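Here's the letter readout for the chains.
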Amino acid sequence: MSLLEVRDLKTHFRTDDGIVKAVDGVNFSVEKGQTLGIVGESGCGKSVTCLTIMGLNPKINTISSGEVLFNGEDILHTSASKLRELRGDKIAMIFQDPMTSLNPVYTIGVQLQEAVLLHRDVTKKQARARGLELLKAVGIARPERRIDDYPHQFSGGMRQRVMIAMALVNDPDLLIADEPTTALDVTTQAQILDLMMRLQQDFGSAIMMITHDLGVVAEVADEVIVMYAAKVVEQGSAQTIFKHPQHPYTWGLLGSLPRLNADVERLVQIKGQPPSLLNPPRGCRFHPRCPYVMNICKEQEPELLPVADHADHLQACHLDDETKEREAQKLLAGMMAEAG
Amino acid sequence: MINYIIRRLLWAVVLFIAVTVVTYIIFFIIPADPARAVAGKNPTPEMILRARHYLGIDKPVYIQYLRFLKRLVINQDLGRSFANRESVNSEVAKAAPVTASLVFGGAIAWMLIALPIGILSALRPRSLLDRASMTFVLIGVSAHPIWIGLIFSYFFGFKWHITPISGYCDAINPSVGAECGGPVQWAYHMILPWMTFAILFAALYVRMIRANVIEALNEDYVRTARAKGAPEGRVVRVHVLRNALLPVVTMLGMDIGLALGGAVFTETIYNLPGLGRTAITALNALDLPTVQGIVVFSTLAIIIFNLVVDLLYAWIDPRIRLA
Amino acid sequence: MSTNSTGSGAELLLVEDLKKHFPVTRGIVFQKQVGAVKAVDGVSFTVNEGETLGVVGESGCGKSTMARCIMRLLDPTGGRVVFDGRDITTLSRAQLRPIRREMMMIFQDPYASLNARKRVGFIVAEALEVHKLGTAAEIKRRVQELLEVVGLNPEHYNRFPHEFSGGQRQRIGVARALAVNPKLIVCDEPVSALDVSVQAQILNLLKDLQRDFGLTYVFIAHDLNVVRHISDRVLVMYLGHTVELASREQLYSTPKHPYTGALMSAVPIPDPELGRKRKRIVLEGDVPNPINPPPACWFHPRCPRFHEGHCDVETPPLKDFGSGHLAACHYPLEKWPMTDEEMRRGTSSTTTPTPAAG
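Protein chains in written order, with the working numbering: chain A, 1 to 340; chain B, 1 to 323; chain C, 1 to 358.
Everything labelled a hint here was simulated from the structure, so no lab data went into it. These numbers come from a predicted model, not from an experiment.
Covered stretches of chain B (in silico footprint by chain A; criterion: 3 or more residues with CB under 8 Å from a CB of chain A, positions within the stretch not fixed): (1) 217-223; (2) 228-236; (3) 239-251.
Subject to a maximum C-alpha distance of 30 Å in a straight line, what follows is the list of computed DSSO-like cross-link-like pairs (lysine-lysine): (4) A:32 <-> A:90; (5) C:132 <-> C:207; (6) A:243 <-> C:207; (7) C:277 <-> A:330; (8) C:277 <-> A:324; (9) A:330 <-> A:243; (10) A:125 <-> A:82; (11) A:32 <-> C:277; (12) C:277 <-> A:136; (13) A:82 <-> A:124; (14) C:279 <-> A:136; (15) C:335 <-> C:277; (16) C:279 <-> C:335; (17) C:140 <-> A:271; (18) A:10 <-> A:90; (19) A:271 <-> C:183; (20) C:279 <-> A:32; (21) A:271 <-> C:207; (22) A:32 <-> A:136; (23) C:277 <-> A:243; (24) C:279 <-> A:243; (25) A:271 <-> C:118; (26) A:330 <-> C:279; (27) C:207 <-> A:330; (28) B:59 <-> B:70.
Just so you know, even glycine gets a beta-carbon here, dropped at the ideal spot from N, CA and C.
Only chain A is shown next, with the shape it has when bound in the complex (with noise of 0.2 Å):
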């Protein structure tokens, strides 16, 4: 059984505009222990999936539908208290913005020990000591004197790591991690993701990893999903999206990395852009951007298949095989023509 199974999630809030479809079925599974990696632009619907998981979108106005099923049972059509009792225990979420997501008037050592209480039967000082311990744990220099220390004395690295040590006090199975290094120079990026891989072995728990950083995804994912208009146009094993990619907008997102160790006269560009959730285009979804559009493409939507020979490589594209694997493997040439 897997730990968390979404099936056909739906998640559409409703505004004076009209609806907007936010995520509009969407599935996927993660296992104990994994890592699964989010990847697509803004708009895509990555974080609502994972609000929406975790029962934080507004209730007034929001309509969700399909099933989220952890350790077996659906947590999307429970009652609030129900959710309450897992949200910070068996499954905890960090955000992107570390400088505004701890409150300003009260202690780090507080909103830790906040967290302990909420789940557990202890005293005040068991869960400080507990809070105590995640600091150490996260790597924050002189932890007993921090520990009393208010939101706005730490920088933005640390106060993402208390962010981690404060998800993590309870021990959770499965831990969302919502683009928790995009606000970060590169150098914490490195540090706090070396961090969240290190603890993820110490305290066992899966990580959801959703970014718009392809090289992160390669570096920490297991599984990869990629997001489109509120739907999944790919997904499968780090490995397989990276070497065998079958999905134009993928092929998009790659090529238009600037990279490191390869010169590119011209990015690939994908044309336009991403298409309003009010009234997404009829068929598929990226068809008005695709290079390689065809006329069923704007009739009919592409299902999410299996590729020939993967059954775990999933992607949604009415492309033929052959052709997919040619212009895949043209691409990745291209990437690696002419290494500076």
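Given the structure of chain A, go ahead and fit chains B and C onto it with the hints provided.
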């Protein structure tokens, strides 16, 4: 922090001097002569001259001002009224408690109204409650206190005899021959004034509290608290309110300080012998010392209140306390 | 020190020992200066016509401050800025006016850098109108031309910024910069706030424009990949100082400064095999505060090659490692790539710098 306090105190002194100087100057621009009023009916020029000397206004303006300043700082004496030669100190001492009871009582009333309405409206935006409270805000802000006062005293006082129409009762020390006295009577007479005074501020504060709470609800740290599994009640109580109400502390201090200067409209309608009404009477009689005395008292009150509130805020908000 | 440029033309911009200090004051009534935030503390480089200089560094390194000093949006505290042969460091506003036509800037935040209350046509035309470069009709024509050049629909002349996406807004910023035919464009993190696919569009656009209009760029970014793609030469900054200055090939194949090495090693590689196989160099600690910089070598508290008694005592000078490859380090990297352990074993090369091979 110490530097901050010292700097504020120095500014307070500068402010105080500026305010009192301006009051003096304004007084001397007014084309009316207090001496004439004091000199009695049909005064002859010599009588007016004698009156001027008696009041001390025959000296140049700056001498008068310096005398005033010296007397204030060294003797804490605000001088003597031109109109009835009573000590201004005692006039102010009589009027201040009246205004104080109006303002502090009114502040409690307006916070008791504004806090729950503001918070609940923010928690249920666009609900019936929210729309009703926004209508209340609109009326409260637009309607003049005099109009509100008249309506209240007419219906509650005159027609339905629920409360007295006007008048003030000394709670602690009713003077001999006064109509009423004692704490119960005091409170009873203050009910309408408190309501009238509070409505405008309640409306303003409902709007401000609502906006602050809505903003706080959208902050990232509230999302973190929910992600930790905190129940919504706790999220609001512990995380939202503390941050949302911090700025309210500052505003409260400023408004109370201002109101202590004299809630003129309310005092007039309900015939309360407070600072505002006293000041108006003194102005009409061109009674400079009394006016000056009230100005001094109000300015001091505002400055002290603002300073206390700023220090309180600096202490409550750890970002400033531990900068 | 400045003769190693690879651009095609003459020297367009010379920056010499540029300093920008922000005073820190204390005092009750009379504010006395007790210290300074040394945002930029002695940076020198040249840029030739047609060339792109990439400036790379993390938050607090001073790159944005330096850009604003070059543009004279801030007044330098020390040093010189020589643009097109003229020393513009201390020119008055009136004297600067005509020069401002020749250097323009593109900003990072496409949402904040356009006035939301003005129409796009006005935004792009403003510089033309300020410098009185044509009649109203001519200006309008030029603006429409520019919108087309940057890939927007010229008929959107009358729209407001909020009607465009982030990438399109950045194109408007580019059009605005191009309007007066500048010689130099300073790009302050122009693609950092954009999605990856949109980033590619803007980078391609900038490269095309450079080729078509003979532009010179100073391109500031924190992303080494992006800088590599667009730059001819690269300047690496740390805490207001130059730590390395080299041509693109030199920097990326044989970096000399440990910080450059750490930066390159920290960039995630979109290749699962390579990414996990290589040993990363993970720096300790955070970027320090520019109010209180470390003594001697600014990088020494975090440097894996730190030699006590040397690096914290003697400030490393900017040495030439051959062909204009400059780096400020007592123990520069001998080769690249290096693993963390190899870095820590650093040997000194204080006597003579080894010239770059070949």
